[in-house]
Structure formats: C-alpha cells, structure tokens
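Position chain B against the provided structure of chain A, taking the given hints into account.
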Amino acid sequence: MGNNINNKFITEEVVRYVARLSRLSLDDEGVSRFQHQLANILEYIEQLNEVDTKDTLPTTHAMSSIKNVFREDELKGSIPLEDALENAPQRHGNFFKVPKVI
Amino acid sequence: MKEDLSDINAYKNWLIARAEPLTSVAAMLVDRASRIDKDIHAFAAIDAEAIVRRASRFEKKDGKGRLWGVPVAIKDNICIKGELTTCGSRILEGFRPPYNATVIEKLQSEGALLMGRANMDEFAFGSSCETSCYGPTRNPMDLSCIPGGSSGGAVAAVASGQVVAALGSDTGGSIRQPASLCGVVGFKPTYGRVSRYGLIAFASSLDQIGPITHNVADCATMLEVISGYDEKDSTSVDIEVPRYTESLSKGVKGLTIGIPSEYFTGGIDKDVSERVNEAIKVLEGLGVKTVDISLPHTKYAVSCYYIIAPAEASSNLARYEGVHYGRRSPDADDLIGMYIASRNEGFGLEAKRRILLGTYSLSSGYYEAYYLKALKVRTKIANDFNKAFDVCDCVLTPTSPTTAFKLGERMDDPLKMYLSDIFTISANLAGLPAITVPCGEGRNGLPVGLQLMARPFAEDVLIQVAHAYEQKR
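Just so you know, the protein sequences line up as chains A and B, in that order. For the first sequence, the working numbering assigns the number 1 to the initial residue and increments by one for each residue that follows. For the second sequence, the working numbering assigns the number 103 to the initial residue and increments by one for each residue that follows.
This is chain A alone, in the form it adopts within the complex (with noise of 0.2 Å):
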C-alpha cells in the first residue's frame, strides 16, 4: 500500500482497456489525464484497506429487512408502442433502427 502501486495498475495500458471495456475512445492526451487523476483518486481510496472487515458481511442494499419483492403476475396496461418508439433516434416500423451489425 503507498503511492506507487496505483500508479503501477492504472497505468495509461489499463486506462485505454477500461475505456474499451465502457465503450468510450479516448485520445492520448485524455488518456494520460484520466490515468493522473484515477491515480490519485484510488491511493486515496487506498485508506479503505485500514478497516478490518475479516468478519463483516457487505451490504448491497440500504434497508436489508427488505428481502425479495414479489406480485401477482397479472395482465397490466403498458406504454404503448408508439409512445416507446418516439424518442427512437432512427425507427423501422416498429422497431429501432440500428447500423449494419454484420
């Protein structure tokens, strides 16, 4: 734990991949930025490491008396398809038009 093992996994390789994972480019000079600051965003974060949860479980939800929410699985109104379709930026018929996949 220190200054330089953030520096060491967020280096400007792992920037360019995550970007690739999160379906966003960036150009060299973002990179180098994003890498600056992530860096420095996670050896502070680092702190976390300091508390001992050997014997704590997580919480994934706020209010953890709330178990599994079920209904009725009854026929109910929905939005109807054109409503769905207005705000398509391109639309076929009644389907969203996307470019070429194959």
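Keep in mind that the hints were calculated from the coordinates and are not lab data. Be a bit skeptical, because a hint or two may be false.
Claimed, not checked - Derived DSSO-like pairs (lysine-lysine); straight-line CA-CA distance at most 30 Å:
no., chain 1, residue 1, chain 2, residue 2
1, B, Lys508, B, Lys482
2, A, Lys76, B, Lys334
3, B, Lys482, A, Lys67
4, B, Lys518, A, Lys67
Chain B alone, transformed into the frame defined by chain A:
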C-alpha cells in the same frame, strides 16, 4: 399587491387575494423567473408554454389541493411526460419521457404548478453544479460562488425566490449540500420512503428524491405529498407515512441529540463549526439533551462512496448507446462504432471519469479489492449509526465543511471536489433520513447549514427538531 413566494402559506394567501386565472398567474411567474434567472441560471430551460398549459389543466380544480397553484421547480433528472428531461447531459438531448415519475403524479394530484427544468451537474455527478451541458448555475447569495450540487439549479431556484419549493435528488448529499450553501432547507428521506420511479438512475442503492423549501413547515408538507409505497418501485417500503406536519408543534423537550466528534475536525471552516456549536446551544436551551458520540468510520465514507456510486453509475449509464433514445452519433458505420461515438460525444468529462472509475472497480481482478471491500465498509458505517441511535434520537453535524466556494475553484481537482460531500455521504450509505436547516452565516456572509440525521423512517423526528430550532433561531 406584490407577489409573495416566501413560503407555501404566504404564496397561497397572495394567490387568493390576486383572484386571477391560474394561467395568467403562471405566465407572470414564468416572466418573473426568466428575469431573476438571467444572472443565476437555475433553470436549464423554462418552457413557458408547457407551464401555462399545465396551469390551464388545474384551473378548474380551483383551489383544491394542498399545493394548488404553488410553483415547484423540478430537477432535470425527474421525468415529466412529454417534456424534455436530460440530466444536464448531451447524451439525453431531445429525450421526452413517455411517462411521469410517481412524485410528479403526486405533486400534480395536489395541484402543484411544475416548473421544469432545474439545472444540475451532469447525471448528478458533482458538488458544484458546474458540469451541466447547459453551463454552471450561480449561488444567488454570491454570484461568484457555486450553489453546490448536484441539485444546484433546484436549490438556487428556491433561494432566489423564483419558486416556492423544488424537488431534487440526493445520492451523496446532492440536496443537502447545495441547500446548505444557499441557505434553504433540504431533505433526503430514508431510502425507500419516496418512490424512485421516473428518477433517472445514478446509483440505485443510494438515490432518493427529496424536497427543497424555504422553511421546515413547507418541507413537512412536501414530504407528506411525495412519500409512500409505490408498486412501480420495488425498493420503496410499504409502511405508513406519518403526518409530518403534525410533528411541527411537538417541541423537543426530552429528546437526546448525539454530537459525533468526527464531524468537527480536519478541514472544517472555523465559521462553520462556530455556527453549528451556537445551534447546539440553542437546542439545549429548548430542553434537548446532548451527548457526545463516536462514528469511528466516518473518515472512510468518501472512499467507500467513490467506489460504490461510480460502480453503480457505470452500470446504469451502460443503457445510453444511441439506440433507444437520446443522442446518436451520425459518424459511424457499424454498431459498436456507433455506441462508442455516441457515448464519446454525449458524456462530459466528469461522467466519463466516473464511468471509468466504476468500470475499473468492477472489472475482473479488482472487484474484491475495491467493490466488495467498499460494501463491507458500508456495513461498518451503518453499524456506527445503529450503535449511536441506542443513545440518541438524532445526530447533529455540519452539512458541509465549508461555505460556498468560488466557481472553477475545484474543477481541476476531482478528489478535492469529492471531499465536499464528506459530511453528507454517510446518510446515503446507511440509508438514513437527513435534513439541512440554515444556522447563520460565515464572516464572508455566506450561509452555513446544520444537518440532522435519524434512524430509518424517523423523518418525523427530524421535522420536529429542525422546526423547533428554526423557530427559536
């Protein structure tokens, strides 16, 4: 008779005395807001036509409804059917939701006059309201300062008297921090108290919608209107909503307030700690008992939050790909290229930063070290509060460590910006209700806010204490 937007009652009295059709009142309010807003930019845009059209729909109800004719600003991430809702982001340009958020339905059923669209940090990512694609909002108390964020526009619209109340959203302090910096009341309800249906998601385990008002009584009214179980939000909780307005007159004798030492150290302004300590004296004068408590994991809250919130955000923002709604880049000839180009053009710098951070901490090899670790520390933070509530009814702290800072001051230093939320984040991580009330000014003349937090679903205690303090101050 001059218009009076100082609170709901004053406004209603003015409205009755004015005896004019609601449509002409609405047109006047829009003109007035546009004039005041030139310097402040609380609104991303004001759609005059839509506001007058809505007023005409309520005209027949004539005075019926607890918020009849009351102008309420709506943050740009809460869906109003058929109206632009963009989260301050280019990626949602042109998006008109096909449905209303549940809170919008509730406000309208009480006759509120909705005034969209209050400016915000892009996707609520920010503590200064500077990352909106529409440009920054300014603090009505000092135009060279930020109003706080991310609900900076909604708060500034209330603080500058353009509207009587507003709805914002709070994921790590986005209602309370700006309300504190602009000198108004802001409330984050317990996670699950208010339906999130129609709130565009940032971090789903932390987000809550809440009111921003001139005083605690209005806050209680707004909270009563918007709270309650909603089958469309499976995280909303099906328990009875108390009459918060009845808590206003209860007084505070016999209540115990915990003062956590961890919130009065480090980078806190002297002015802030002085004002908050004076407020504690006021409450003691009213018969409140105070006890020193410890919330030992406080210093880890920011780290914990900046793993969990970006992780959830990166996943929530995966849906913006230029296919179903919002911006599509014309400069791509295959599907993946179109996704990438649309996202690149659509998201601003802070949004990209959080997507990268979140994707990194969820990616293979880092998940356990970062995300899972943060979820465990989240448990520790919540346990601190559980323990504290064994000995006190609510916890009192400053809302923000400083008064409003200058525009641009923290834009190049994301970590410093993130630390602006150091006192508000814990309530979101633990799911607790929290309120901020003005408690005076610093030597720079800028407002200081006092924060109260209570156990889950004890909103009524917060209203009770905050109102008693506000009356005495």
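Status of the hints after comparison with the structure:
This hinted pair does not check out: B:Lys508 and B:Lys482 have alpha carbons roughly 35 Å apart, beyond 30 Å. For the hint linking A:Lys76 to B:Lys334, the alpha-carbon distance of about 12 Å falls within 30 Å, and the restraint holds. At most 30 Å may separate the alpha-carbon atoms for a hinted pair to count; B:Lys482 and A:Lys67 meet this at roughly 20 Å. A C-alpha spacing of about 37 Å is found between B:Lys518 and A:Lys67, which places the hinted pair above 30 Å, so the restraint is violated.
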